[in-house]
Amino acid sequence: MKHNRRKRITAALAAGATLLAQLAAPVAWAKANSGAGSNDNRTRTPIKHVMLIIGENRSFDNVFGTYVPPAGQSVWNLLSEGIVNPDGTPGPNAGIATQYQATDTTTFQINPAKTAPYATLPAPKVGGPTNPYFNNVSAAEAVEPALPLYDYYMLTIGGTGLSGGLDTRFLVDGALSNNPFDITNYISYDDYAGSPVHRFFQMWQETDCDISKASARNPSGCQMDLFPFVETTVATGGNGNPEPANFTGEGSIAMGFYNNLAGDVPYFTQLAQQYALSDNYHQAVMGGTGANHIAIGYGTGIYWANSDGTPGVPPFNQIENPDPQPGTNNYYTQDGYSGGSYVNCADSTQPGVAPIMDYLNALPYKPFNDGNCAKGAYYIVNNYNPAYLGTGQELYQGGPSDFTIPPTQQPNLGLLLSANNVSWSYYGEGWGNGTETGEDATYCNICNPFLYSQQIMTNPSLRANLKGIHDLYSDIQAGTLPAVTIVKPDGFLDGHPASSKFELFEAFCHKIIDMVQSNQKLWKDTAIVITVDEGGGYYDSGYIQPIDFLGDGTRIPMLVVSPYAEGGHVVHDYYDHVSFAKFVEANWKLPAISPASRDNLPDPVATTANPYAPTNGPAIGDLMGMFTFHYHHHDHPHGHK
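Here the sequence shown stands for residues 0 to 640, numbered as in numbering that gives the first Met the number 0.
I should point out that these hints are in silico values taken from the structure, not numbers from a laboratory.
Just to be clear, a hint being listed does not mean it is correct.
Claimed, not checked - For each label pair, taking beta carbons as the anchor points, the in silico distance ranges come out as:
{"#": "1", "residue 1": "T614", "residue 2": "N92", "range": "24 to 32 Å"}
{"#": "2", "residue 1": "G71", "residue 2": "G262", "range": "42 to 50 Å"}
{"#": "3", "residue 1": "T114", "residue 2": "Y364", "range": "29 to 37 Å"}
{"#": "4", "residue 1": "Y472", "residue 2": "N130", "range": "43 to 51 Å"}
{"#": "5", "residue 1": "G566", "residue 2": "G398", "range": "23 to 31 Å"}
{"#": "6", "residue 1": "Q392", "residue 2": "T114", "range": "48 to 56 Å"}
{"#": "7", "residue 1": "G566", "residue 2": "N92", "range": "49 to 57 Å"}
{"#": "8", "residue 1": "N92", "residue 2": "P399", "range": "26 to 34 Å"}
{"#": "9", "residue 1": "D209", "residue 2": "G398", "range": "50 to 58 Å"}
{"#": "10", "residue 1": "G478", "residue 2": "S347", "range": "18 to 26 Å"}
Idealized CB from N, CA, C, for every residue including glycine.
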């Protein structure tokens, strides 16, 4: 259903032991200082329960590109920038989003030489099921447990009617002009549509960051103008194989957006009007699902580890090489779902590393490379399977054909919470009591950051924090929800382009929010944070703050639904996925996950003239700005720099 990101495919360095000891130190500290009894209610704010719901693969502009906030609020999106008009047609400033062709034939560049703008956008390729997954509502209800009863019809409609090739639905009026386009001018919001490329090195190229292009409004100089170029020259990579004859990639679905003013994204638009919306929340890692969920759990990247937890060297064919193959324009040498996905970013001689590090080192501030790029460590930057099944069975067997991440001993949020007696659970739909076989085996194994953790997966008491969607529903109804929860829908409902639809993710969230609000005792002290893992390769007009080698990446949608986040506020504070850990740590008075994690970064300081770009970068907020209660940042336990 979701190509192979949904499938389970079946010399330690001297410095490694020191690194591992440093990383483990905060967990040991927490255990020594945790004390007896639950700390769930020992919070700095009225929030006693925080829930993070994570969908899939949408940029902020893809979801909220024409959102108009309540009076007195401002938002940065396609409409406010004048890139599009309210009806979705090109606006007076459409040129801001012009996309370019480029040439990269020798070594990988994050800002390759542009040649000319596209006369018209490359035709999108079809994506999604030809026919809906279910013939009728009863069949859908028999398999899928996580929709409100009135929304099951969504699973029975929206097939593309196409078996492959060009998505002719977008070509009924001829070629697409070189602008962001309103998807629902061509297909319904109920319809499935294709998925753009969004792997690690591809996203660095798509965003086209060049410090010589920096401005007061956009101090990182990321131009966001090579999305179709990357889609059509390399797409998702060839796993080390030669470029296919007549290769054309994926077209330009990356430039599509939904129109809130035409009724698209209706439920999230309603939530934004009633609660709080961030227009400056970012995916933590350039690239895709796996690495961004890892960032949520670990506050940084994880590296290929030897059996003792120290950094090691992965098989050669699993090391990324984005240098173009000879005779091609930008078709990477070693990249793909069964190809390169590890990078030793401390070594500037490694393929692809120098262009990114040269850019980072040219910034007016020092990047946070304590969090990754440890000497000799190869970090996972794309999607490989986690080390364990939910039962605790280790999957990693080793060798060049095993695209599974070895067990990691790096600290994570779950370990931190357990060590400090704060309750937590990860609820993944399709869990199947650890067998991950529910809902036609559409459980997202790579989305669960704790399946990578040796400490959690080999300890039954810690492993018990991993649960399924039915456990979530029963815990909400019984009022036994843990203090900190992370919730993941299955592949039918996660909103991932092609394999899902965003309306299905809206409906998944709707059911949970209704259930929480029905339990007034729970609702009164709960915050529900809704976001997606990453932008999915969709165009976005917003600012990106480079933090370290891994990212940040594009803006993504983020809502907070809570009695303490009412009023339709649009918050401009700079956030990324690690902001969730910062909120948890601030609220429950915890230390950072480790010295290497981004939750050590300071809270952002911005100017009135540009509230989006921190003047003290790299910096990320702790989500406290999303709420209306009074909170003193100087009381933060991390001692922000």
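Okay, which hints does this one fail, numbers in order? The structure conflicts with hints 2, 4, 5, 7, 8, 9, 10, although it agrees with all the remaining ones.
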